[in-house]
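2 protein chains.
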Amino acid sequence: MARPAPLSGFPEWLPEGRTVETHVLDVLTSTFELYGYAGIETRAVEPLESLLSKGETSKEVYLLRRLQADPDEAAAASDQLGLHFDLTVPFARYVAEHAGRLTFPFKRYQVQKVWRGERPQDGRFREFTQADIDVVAPDALPAHYEVEVPVVMAAAFERLRAVGVPPVRISVNNRRVAQGFYEGLGIADVDGTLRVIDKLDKIGADGVLRALQEEVGADERQARACLELASISGSDASVADAVTALGVRTPLLEQGLEELVRLLESAHAQVPGVVVADLKIARGLDYYTGSVYETTLLGHESLGSICSGGRYDSLVSDGSHTYPGVGMSVGVSRLVSRLLREDLVRASRSVPTAVLVAVVDEGTRAASDAIAARLRARGIPTEVAPTAAKFGKQIRHADRRGIPYVWFPGEDGDGEVKDIRSGDQAPADADTWQPPAQDLRPQVLPTG
Amino acid sequence: MARPAPLSGFPEWLPEGRTVETHVLDVLTSTFELYGYAGIETRAVEPLESLLSKGETSKEVYLLRRLQADPDEAAAASDQLGLHFDLTVPFARYVAEHAGRLTFPFKRYQVQKVWRGERPQDGRFREFTQADIDVVAPDALPAHYEVEVPVVMAAAFERLRAVGVPPVRISVNNRRVAQGFYEGLGIADVDGTLRVIDKLDKIGADGVLRALQEEVGADERQARACLELASISGSDASVADAVTALGVRTPLLEQGLEELVRLLESAHAQVPGVVVADLKIARGLDYYTGSVYETTLLGHESLGSICSGGRYDSLVSDGSHTYPGVGMSVGVSRLVSRLLREDLVRASRSVPTAVLVAVVDEGTRAASDAIAARLRARGIPTEVAPTAAKFGKQIRHADRRGIPYVWFPGEDGDGEVKDIRSGDQAPADADTWQPPAQDLRPQVLPTG
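Protein chains in written order, with my numbering: chain A, 1 to 448; chain B, 1001 to 1448.
These aren't lab readings, by the way, just hints derived from the structure by calculation. Here the structure is a predicted model, which is why all the values come from computation and not from measurement. Among the hints, a few may not be true.
Claimed, not checked - Here are the simulated DSSO-like cross-link-like pairs (lysine-lysine), alpha carbons at most 27 angstroms apart as the crow flies:
| id | chain 1 | residue 1 | chain 2 | residue 2 |
| --- | --- | --- | --- | --- |
| 1 | A | K280 | A | K54 |
| 2 | B | K1280 | B | K1393 |
| 3 | B | K1280 | B | K1199 |
| 4 | A | K280 | A | K199 |
| 5 | B | K1280 | B | K1390 |
| 6 | A | K113 | B | K1393 |
| 7 | B | K1199 | A | K113 |
| 8 | A | K113 | A | K54 |
| 9 | B | K1113 | A | K54 |
To be verified - Derived list of chain B stretches under chain A, where covered just means 3 residues or more per stretch with a C-beta under 8 angstroms from a C-beta of chain A:
| id | stretch |
| --- | --- |
| 10 | 1004–1018 |
| 11 | 1106–1118 |
| 12 | 1212–1225 |
| 13 | 1340–1354 |
Said to hold, decoys possible - Computed beta-carbon distance windows for the label pairs:
| id | chain 1 | residue 1 | chain 2 | residue 2 | range |
| --- | --- | --- | --- | --- | --- |
| 14 | A | A269 | B | Q1438 | 50 to 60 angstroms |
| 15 | A | E342 | B | K1393 | 25 to 35 angstroms |
| 16 | A | E60 | B | Q1121 | 50 to 60 angstroms |
| 17 | B | Q1438 | A | D79 | 42 to 52 angstroms |
| 18 | A | A437 | B | A1245 | 29 to 39 angstroms |
| 19 | A | A437 | B | L1025 | 45 to 55 angstroms |
| 20 | B | L1025 | A | G234 | 42 to 52 angstroms |
| 21 | A | E60 | B | K1199 | 40 to 50 angstroms |
| 22 | A | L303 | B | D1412 | 15 to 25 angstroms |
| 23 | A | T364 | B | S1238 | 24 to 34 angstroms |
| 24 | A | D139 | B | R1396 | 13 to 23 angstroms |
Here a beta-carbon is modelled for each residue, glycine too, at the ideal position from N, C-alpha and C.
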């Protein structure tokens, strides 16, 4: 076959890039576990009708068809399966299906591929990896989980800074604030208003004023008040004062502001400086009912949100209970593709190998294998050279992969080990020699 | 929505089951890394024509179609995408596509879902996880990698025995032995003969004799000789003697026997007692050219092979080079579903959490959060109780999840920590208290 061409929208990394991605995922999942989130996976497919009932992206679903399907099988649209386009809809189904065998509040994380049949563009893929956390509980979910979820994400991103990931800002809002405010203004179409406000960065203030009047039926006073609300931001209780100063008061608005301030204060105590209120944050999905979140990589605002989510009340139901929940989702592929393309983060080598054991001649390969086995028995990733080439060529083999050590077997005894970066070489015992900790595994480091 | 029903052939695990699966994958991948294999992932889709050109399962491919596809887009069959049905075909494409940016010999591992539109049955799924290793090199691949690959798998399964996974036997054969022998007998249809021999366990010796005569055109003497070859097994050079005693000699057969004996002897030196020759192993895939492997979980032979593969010479080509290779693939879902269904392996708890910090009343939740933060800062997975219920109820919350410790915040100082298994309770400092190592993370253990 000739060299295959890449498929647009289906990213793949070279081994170095995958090492960076794996490290990002390790930091995320180990942080999730520190907060007690249990890992699960769901199947990649859901019935089409389940996918179509939730979320704005459902129109971009990939449908599945068996190549050998019977004609009538293909026709039965009610049985059609599609690939999931996020991890929230399958999680809701998983909870409803397995509720009797789960313990609640159920805190889970999930790292999987998702698929969307979108036109590929910068930072938007047709196949990408998400890392989600959610908490759900039957009938009632304590509000403190609306604090915990962004705190967990802030803690994870804080740990990622050590490898060169830029700092983040998590912008929060509360649907109750917007809804209470719009209703207090006398606007009937709350969802329509949110959809217009969501476009503020795209169409500008004048565009929003016009759209609110033309599409939602607001008068100019109402439209201007909505725009003023959307312009409010801050990191403490002053946000509530600024809203109150706009002169609208409803019980729902009060409740939303109280929750928003509690979120800001509690998050500030746990992860200072990361979480800020930004009342123009709307989130496109109509199932959110309380806190909503978006996350910006500072200095890379054009990338859009890399970690979003919110509180939902009626997404999950098994017929006898509803399970309100709150969650956030990291766009891992979007983040990692930026880290790699802008060369912000690098892996110290392209292979796990710390030691290459040289082969003197093919007749003594077993002796090299035995040295490698003794190193591996102590957890040191080790390869044996592919051929008994000249030592210079074997050293180049290590050097091209970033393998730091080459072990030369001796005629009697174990031989000598060479640090090919410094050139230092010394006799060594394969049962006791240990590389420095930072050489044991590939390091993921800031490029700068 | 009402409670959703499971989809046949698309397995999902509860959190305890996923903990077992994650542990199995950690053991596999950390073993692969000890031998220098680098992790990659490939996209889930390949062009249909690429899927159809390789392997026997291609007829069970799932095709993708965008729900919003243009009619002419759907018609262009040459652009059709399908979900990969194994990890070998996408790996071959990955190597061909990225060859200029890889270093060779290229040793990679890959853990991903694959999909097959088969009728679901015991141990056969429509979606399942595979864990593959392969080594490829341009133009020529040293034969010692045909030893290394099963040795790596044997080492991984050996480590899995500690958690209750039964021991395995890796059965090996060499295509050159079969081909050389059949050609020496004067049989022209080597592939057809292999396909019949592959059914020996299913249709029996008489069935094979008949099929070889009726379908492959062998005479009775040839058919009996093929059956005699297939009955040979053993773990050392006596296997070659038994083949030679059948009276057929060709250079290809000699080469195959020599490779087979070298594999047995070298594997025995590295992982004694696991690798045996079984000359009825044929493997269905026609791209294998040298060693072939199958792996049986002892005591669970009915499950079929849980780790198979072989040597191939012309699977990978980028137009200017071919890349011969050798690999094996663990059927992770098949293995894990058996471990869970037969209750061979269990997780010590359903959550990562080692400590539940109790909440005295909602007004002092921040104090509980602060204790949790100090424990997490030292790597101890910690949750804070969901509500300020009576302590008995908070302890039951921990008990139901298998969380071993409950921390009771004190009015002055940090309070006390209780091991809820023993009932022991003592004052503790959140900056220094440490659980025993075996309590820090969920343990995966033999059930017996």
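Verification of the supplied hints:
no.	hint	result
1	K280/A with K54/A	holds, 23 angstroms
2	K1280/B with K1393/B	violated, 61 angstroms
3	K1280/B with K1199/B	holds, 9 angstroms
4	K280/A with K199/A	holds, 9 angstroms
5	K1280/B with K1390/B	violated, 66 angstroms
6	K113/A with K1393/B	violated, 38 angstroms
7	K1199/B with K113/A	violated, 37 angstroms
8	K113/A with K54/A	holds, 18 angstroms
9	K1113/B with K54/A	holds, 25 angstroms
10	1004–1018	holds (count 11)
11	1106–1118	holds (count 5)
12	1212–1225	violated (count 0)
13	1340–1354	holds (count 4)
14	A269/A with Q1438/B: 50 to 60 angstroms	violated, 33 angstroms
15	E342/A with K1393/B: 25 to 35 angstroms	violated, 50 angstroms
16	E60/A with Q1121/B: 50 to 60 angstroms	violated, 34 angstroms
17	Q1438/B with D79/A: 42 to 52 angstroms	holds, 47 angstroms
18	A437/A with A1245/B: 29 to 39 angstroms	violated, 56 angstroms
19	A437/A with L1025/B: 45 to 55 angstroms	violated, 24 angstroms
20	L1025/B with G234/A: 42 to 52 angstroms	holds, 45 angstroms
21	E60/A with K1199/B: 40 to 50 angstroms	holds, 45 angstroms
22	L303/A with D1412/B: 15 to 25 angstroms	violated, 48 angstroms
23	T364/A with S1238/B: 24 to 34 angstroms	holds, 26 angstroms
24	D139/A with R1396/B: 13 to 23 angstroms	holds, 19 angstroms
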